[in-house]
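> Got two chains here, separate frames each, mind docking them using the hints?
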Amino acid sequence: ETGVTQTPRHLVMGMTNKKSLKCEQHLGHNAMYWYKQSAKKPLELMFVYNFKEQTENNSVPSRFSPECPNSSHLFLHLHTLQPEDSALYLCASSQDDGTFSYEQYFGPGTRLTVT
Amino acid sequence: AQSVTQLDSQVPVFEEAPVELRCNYSSSVSVYLFWYVQYPNQGLQLLLKYLSGSTLVKGINGFEAEFNKSQTSFHLRKPSVHISDTAEYFCAVSQTSGSRLTFGEGTQLTVNP
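Taken in order, these protein sequences are the chains called F and W. Going by my numbering, the residue at position 40 of the first sequence is 50; the numbering climbs one at a time, nothing skipped. Going by my numbering, the residue at position 22 of the second sequence is 640; the numbering climbs one at a time, nothing skipped.
Each hint can be trusted.
Partial selection, computed: residues in chain F whose CB lies under 8 Å from chain W:
#1 PRO52
#2 LEU53
#3 LEU55
#4 VAL58
#5 LEU100
#6 GLU113
#7 GLN114
#8 PHE116
#9 GLY117
#10 PRO118
#11 GLY119
Calculated Cβ distances over 12 Å to all of chain W for the following chain F residues:
#12 VAL22
#13 PRO71
#14 LEU88
#15 HIS89
#16 ASP95
Hint data in this document are derived by calculation from the structure and do not stem from the laboratory. Remember, it's a predicted structure, so these values are computed and weren't measured experimentally. Glycine included, each C-beta is placed from N, C-alpha and C at the ideal position.
Pulled out of the complex, with its shape left as it was, chain W reads as follows (with noise of 0.2 Å):
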């Protein structure tokens, strides 16, 4: 069995700053790993996907993530946000040897002018 833990339930931060948002998970096997976006009354989007090679991905909207193995965490990150940036983030986690995704509780992010 997996699981996801989001560190953070909510995150403020002003218009061009850097963010961090935290994702550490558990897993006794390798992992897959996701960040989804939601925005206000929408569905999830995906943001950015980790299934091997490189430990660090890009993806959509200027997000990144870093996949790293010794501390379980599969932390995003944006260097300078956007009010657009605004929406709720949900880590995700699925097993290679193969199981359907765990999602993390969410987190809020809010950025303001």
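Extracted from the complex, chain F is given alone in its bound form (with noise of 0.2 Å):
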């Protein structure tokens, strides 16, 4: 599976270390999204990028600070983070036709450790 790649893939920092995810869609999508994947519970939706424009921002603190450059790119800034932000991070991307996005397809995800 290559339509999505996200980098790195396991990644252990301290909360006061400055990193950053990355993702990339060889699919020719318009739409990019960052989900937060922890244990037991369901998945939360962090930010929605269209052509290139962040079109939603649930809630998500401020140490998390996405970019994207282009339609293939997304970036996850990650700064000053909190033990409780360790989960598995997932990239996904879908085909936005303004109305209605159809399936995501999703990355292999970051596992990322804070200590």
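Rendered as structure tokens:
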């Protein structure tokens, strides 16, 4: 599966570090998403980008900062995280025609551990 | 707004047994429905989807699901499971009028030898 790639696959960082997660989609889609998946909790949608513009921010703390330089790339910049931010961070993409977002294709995720 | 309820958080079954993973949704308008599978240490992969037409939808790996509008359900079934089907399964819904996917909390299917 190479449609949506994420790097790194695993990341351990201290609470004072700054790091970035990268996502790239090779499917020609125009919408990209960041999700947080914690143990025993539903998938949490964090950010949505359509045509490189952020269209949703679901009350995500400012220590998470997304960046979408073009329709194929999405970053999640991390700084001064908390241990409760440890989770699997999933990137997804879809084709959005303005009224409906078709099925989303997911990357393999980045397993983040905050120490 | 829509919501999804997956009625079982864990389903253990023996190999070659049939399985049904239950999903109910709530929405005031027409919906599209999806099932995703997540294998350990991987992202979510689309199993099947219902957009319109036949209420019985066939997906990959021998899975199928039936859309029941009157019962607002979209249960996932497989007549004979394999060890390799062990994974977490997510039901998701979006409204035909346009909305983001809403995911259920997931069902962990464990297939035992």
